[in-house]
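*Asks:* My request is simple: use the sequences and hints to build the entire structure.
Residue numbers (numbering that gives the first Met the number 0): 0 to 182.
Treat the hints as calculated values from the structure; they're not laboratory data. Just so we're clear, the structure is a prediction, and the values are computed from it rather than from any experiment. For every residue, glycine included, the Cβ atom is placed at its ideal position computed from N, Cα and C. Some hints could be false.
[Claimed, not checked] Just the calculated beta-carbon pair ranges, DEER-fashion: (1) Asp159 with Ser92: 14 to 22 Å; (2) Pro177 with Ile53: 54 to 62 Å; (3) Pro160 with Asn50: 53 to 61 Å; (4) Thr167 with Ala58: 37 to 45 Å; (5) Phe166 with Thr104: 27 to 35 Å; (6) Trp127 with Leu56: 33 to 41 Å; (7) Thr167 with Thr51: 42 to 50 Å; (8) Val62 with Arg165: 22 to 30 Å; (9) Leu95 with Gly65: 36 to 44 Å; (10) Leu56 with Pro103: 52 to 60 Å; (11) Leu63 with Asp125: 21 to 29 Å.
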Amino acid sequence: MKHGFNSGETRPNNSCKPNPLRYTEHMAGKACHVFGSTTRVGLTQVLGPMNTLICWLVAGALVLWGALRIIHHIRTPITNSAVTPTYPPASTSDELLNSFFRDPTKYANQPEGHVFRVVGRPTDYDDWDWGRLVYYWRGKSISVRVIMQGGSVTCAELIDPANNDRFTEPVQVLWERPGDHVS
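*Replies:* Structure (structure tokens):
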């Protein structure tokens, strides 16, 4: 006899036998939220480490997806229209930038589309706090930073063309919507 079995007998295979069903009817009086299920010992033992791996893979995928969405949001200008219109390329003409932005009646409280049609797409843009979008037009000797909120211009500033720091102090505030102190 080997391990309590005759040499002619085969040993029972317990690895795939399910546990007896665990009924939760006896718990119904204790709590309404009791949930019962059957478990298979072998399957649980095999999938236990896999569940941890799958959780890490899903968490990693979610982090990557979130990072890609943030990068896409930062690099994609936001417009108020359902279809993004095509605007001319950014103007680097100092004369055009100077004549347009030195006259606030041309852009004050105007929608971004109006500004883009006149001076073209911005050279660069940024997304600040409280939904403020910041657009830059950089000429040879003049750079303009325009701050928009809710799709309309709230401030226009001349900035040093040699300074590419995103929070550079303005050389001159050309126009600022009353009550909107930006700096």
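*Asks:* Take the hints in turn and mark each one as holding or not.
*Replies:* Structure-based check of all given hints:
1. In this structure the hint that Asp159 and Ser92 lie 14 to 22 Å apart at CB holds, the actual value being about 19 Å.
2. Taking 54 to 62 Å as the suggested C-beta distance range, the pair Pro177 and Ile53 conforms, at roughly 56 Å.
3. Taken as a hint, the range 53 to 61 Å holds for the pair Pro160 and Asn50, whose Cβ atoms sit roughly 57 Å apart.
4. At about 39 Å, the CB distance of Thr167 to Ala58 agrees with the hint of 37 to 45 Å.
5. A beta carbon spacing of about 28 Å between Phe166 and Thr104 agrees with the range 27 to 35 Å that was offered as a hint.
6. In this structure the hint that Trp127 and Leu56 lie 33 to 41 Å apart at CB holds, the actual value being about 35 Å.
7. Look at Thr167 against Thr51: about 48 Å separates their beta carbons, and that is inside 42 to 50 Å.
8. A hinted range of 22 to 30 Å for the beta carbons of Val62 and Arg165 is consistent with their spacing of about 25 Å.
9. In this structure the supplied range 36 to 44 Å holds for Leu95 paired with Gly65, their Cβ-Cβ distance being about 40 Å.
10. Between Leu56 and Pro103 the beta carbon distance is about 54 Å. The supplied range of 52 to 60 Å therefore holds.
11. Under the hint 21 to 29 Å, the C-beta atoms of Leu63 and Asp125, about 24 Å apart, fit the expected range.
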